[in-house]
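Enquirer: Going line by line, the protein sequences match chains S and U. Going by our numbering, the first sequence opens with residue 93, and the numbers climb by one from there. Going by our numbering, the second sequence opens with residue -9, and the numbers climb by one from there.
Hints listed in this document are in silico derivations from the structure and should not be mistaken for laboratory results. Everything hinted at is true.
Calculated lysine-lysine pairs in the DSSO-like style (CA-CA distance at most 30 angstroms, straight line):
(1) U:K62 / S:K331
(2) U:K205 / S:K238
(3) S:K337 / S:K385
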Amino acid sequence: MTERLDGPQAPGGIPAGASTGPSEPLPAEPLLAEPRSAGAAHADGIPHRLGPSPKAAALFLAPAVLLLGAWVIYPIIYSIYRSLFDSSGNRFVGLGNYGSIFTDSATLTTIRNNVIWVVVAPLIVTVLGLIFAVLTERIRWATAFKLILFMPMAVSLLAAGVIFRLVYEQDPDKGVANAVITTVHDTFSSSAGYPGARPRENDQAPAVIRGGAVVTRQQVQPGQPVLIPLVGLNQDTVKDAAPAKAASGGDGVGGTVWLDVVRGGGGTLNQIDPQEKGLAGITVEAVSGGAVKATAETAADGTFRFAGLPSGTYEVRLPQSNFAAPFNGLSWLGPALITPAIIGAYIWVWAGFAMVLIAAGLAAVPRDALEAARIDGATEWQVFRRITVPLLAPVLLVVFVTMVINVLKVFDLVFIIAPGSVQPQANVIALEMWRVSFGGGGNQGMGSALAVFLLVLVLPFMIFNIRRFRRDEA
Amino acid sequence: MTTLTEPAQARGQTIERGLLGRVADRAGSGLVQVLLILVAVFWLVPTLGLLVVSLRGESVNNATGWWTVFTKPAEITFENYGSLLASGFTSSFWNTVLITVPATLLVIGIAAMAAYAFAWIDFRGRDAVFLVVVALLVVPIQIGLIPIAKMYGFLGIFGSIAGVVLFHVAYGLPFAIFLLRNFFVGIPRELLEAARMDGAEEWRIFATVVFPLAKPAIASLGIFQFLWVWNDLLIALVFADTENQPMTKALQSQMRQFGTNMDILAPGAFLSLIIPLVLFFAFQRFFVQGLLAGSVK
Chain S
93 MTERLDGPQA
103 PGGIPAGAST
113 GPSEPLPAEP
123 LLAEPRSAGA
133 AHADGIPHRL
143 GPSPKAAALF
153 LAPAVLLLGA
163 WVIYPIIYSI
173 YRSLFDSSGN
183 RFVGLGNYGS
193 IFTDSATLTT
203 IRNNVIWVVV
213 APLIVTVLGL
223 IFAVLTERIR
233 WATAFKLILF
243 MPMAVSLLAA
253 GVIFRLVYEQ
263 DPDKGVANAV
273 ITTVHDTFSS
283 SAGYPGARPR
293 ENDQAPAVIR
303 GGAVVTRQQV
313 QPGQPVLIPL
323 VGLNQDTVKD
333 AAPAKAASGG
343 DGVGGTVWLD
353 VVRGGGGTLN
363 QIDPQEKGLA
373 GITVEAVSGG
383 AVKATAETAA
393 DGTFRFAGLP
403 SGTYEVRLPQ
413 SNFAAPFNGL
423 SWLGPALITP
433 AIIGAYIWVW
443 AGFAMVLIAA
453 GLAAVPRDAL
463 EAARIDGATE
473 WQVFRRITVP
483 LLAPVLLVVF
493 VTMVINVLKV
503 FDLVFIIAPG
513 SVQPQANVIA
523 LEMWRVSFGG
533 GGNQGMGSAL
543 AVFLLVLVLP
553 FMIFNIRRFR
563 RDEA
Chain U
-9 MTTLTEPAQA
1 RGQTIERGLL
11 GRVADRAGSG
21 LVQVLLILVA
31 VFWLVPTLGL
41 LVVSLRGESV
51 NNATGWWTVF
61 TKPAEITFEN
71 YGSLLASGFT
81 SSFWNTVLIT
91 VPATLLVIGI
101 AAMAAYAFAW
111 IDFRGRDAVF
121 LVVVALLVVP
131 IQIGLIPIAK
141 MYGFLGIFGS
151 IAGVVLFHVA
161 YGLPFAIFLL
171 RNFFVGIPRE
181 LLEAARMDGA
191 EEWRIFATVV
201 FPLAKPAIAS
211 LGIFQFLWVW
221 NDLLIALVFA
231 DTENQPMTKA
241 LQSQMRQFGT
251 NMDILAPGAF
261 LSLIIPLVLF
271 FAFQRFFVQG
281 LLAGSVK
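Given the sequences, and given the hints that come with them, work out the whole structure.
Expert: This is how it looks when you write it as structure tokens:
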């Protein structure tokens, strides 16, 4: 295992770690073969070796050895053993539980989700950490920025989960994510949105519904005002709208789209009455031979006009988009988006960690190398790509690996953010392990198999750690 | 080209680039400022949302988004916190304290002793044993849940605070020993030798020489361990019964009714994160140091 174990060893020859201060190697002596207690050394007056005997070491180590042995090492052995039995613990099933992990559709979903997590989350966290670390070097309030991004590390994952359940609420009047998205959407989308508006369903109505759109019953010709009366809207939605006006004559095709209802009743059907409101912002198309020849949008008083339309007969159409239900944001907590949504929360928690580690690595990058490259005419991107990133590679690897190990064990965020009904779709191995053994599943054979599976997944990183440690110590 | 002209030319290039670069830098850093401000807002808004929701009445929360509070600050009320404290939540707060404080102190004490042995006492197999500790760094706590639950049942401490504490201590030890041992080996050996020469006992050397020097490392470890234990949900979920449950478990049991009980959940979650946050801001220097020393867990 270790090359130093049985060879002569100097008391001062303790391998130098990264943070090791000056250590004076004392003359080498085969001490381990001939241990002497501190008292003995004092007795003959020549302190060959000071310090406690190996027996003292046993005393110093006893509590740690007891806890690690009974709470960590024994459970590893017991779990492997227990995973070979069924839920009752009496019937030996061999590798049956492991077989079920890879055949049961529920556990296959957890494995698929863990794969998504491992592929996506560590990469995004590391890249964001790198970007933030590089950019914060250019601002004066870098410390404040780092504290803000780092803060979620101090918060429990349960609290982070509650925080993001609130962020992801479906109702745009509750969840800030959908509030932002709907605001942006409504700013850029021209659709006024009159869900439910439709023409009257009788033979006198000048417009009818065809394929979801509202179209004029008869072909229209230039110079002749088009009337498109609609009903089916709550009057309150248009109570602030301008009164409808008949389109003035003139060249081209013009007309009016309005709500043909008078509050409190009355009014003439299919005619514009003084109290009736125009419908603003509706997209209107002039269609001839199945092709859209012109588009217009209704003004505040509901009028529209297609200027410069060649003469001919047209059908006037209000496309379906005018009557679509308002955009209500994304269903973050639905089965389709739940894993990306939780990964979003995870990134919020961990990006600061990555940034701080990478920033520390960046501080150690020799400025001369960067400056020399800049003098040679390298662009900032080239400096970043060719010098900064390669010099940071060891730190980036550490951050990435730490994140992979962490992501394999992700539990709290999924458990808290995914509502009960979509937990099967969001499930991950660590959560399934708890669920199957304690959360109502009652199958500790399967639970043990999942725990061992998790351990096997982190084994490569265990080896990575040991190698890295031995290299650092060498 | 002679060697004399070269530096001059290089200097000329830097000046030229410097002028151009400064213009580009000015525009670029403006962009960077805006971008990073946006990122900072993005990072602050979720927590701010929780805080505001916890400070508004339930009917107000159901009617309007929390961000409307900026136009209607009169909606702020401490009612939720009042009723939360009047409910049984305070007992789970004390359970969190009763679990976290001993678990933190025990880890520091036990790990310091072990790290002392690994760093300063020569014994057979020391390096091999320490490699085992390094290997245990990444062991997932899931591996311990079922066997330890069985063991606690046998010992009669299942559901108790002691059981939760011991589990935390055991799974905190590998990182703690690793961190402290790496720090201890950096302490100049002459200091210890001098103390030993004076005939000081080992525990005295530890208390008077090692401990004062290792304060930063112990502070890092302390804050880490404190946050892990304070913020843990899974261990509490398995090993703490209802009367001994910490805040995280108490709040988790409220998740099923999410949406209808924000008057309990939001202030509870905020209370649970306020102490770690204060500690974090007070000790963030040590936190970062610990992070740098012990990543890859």
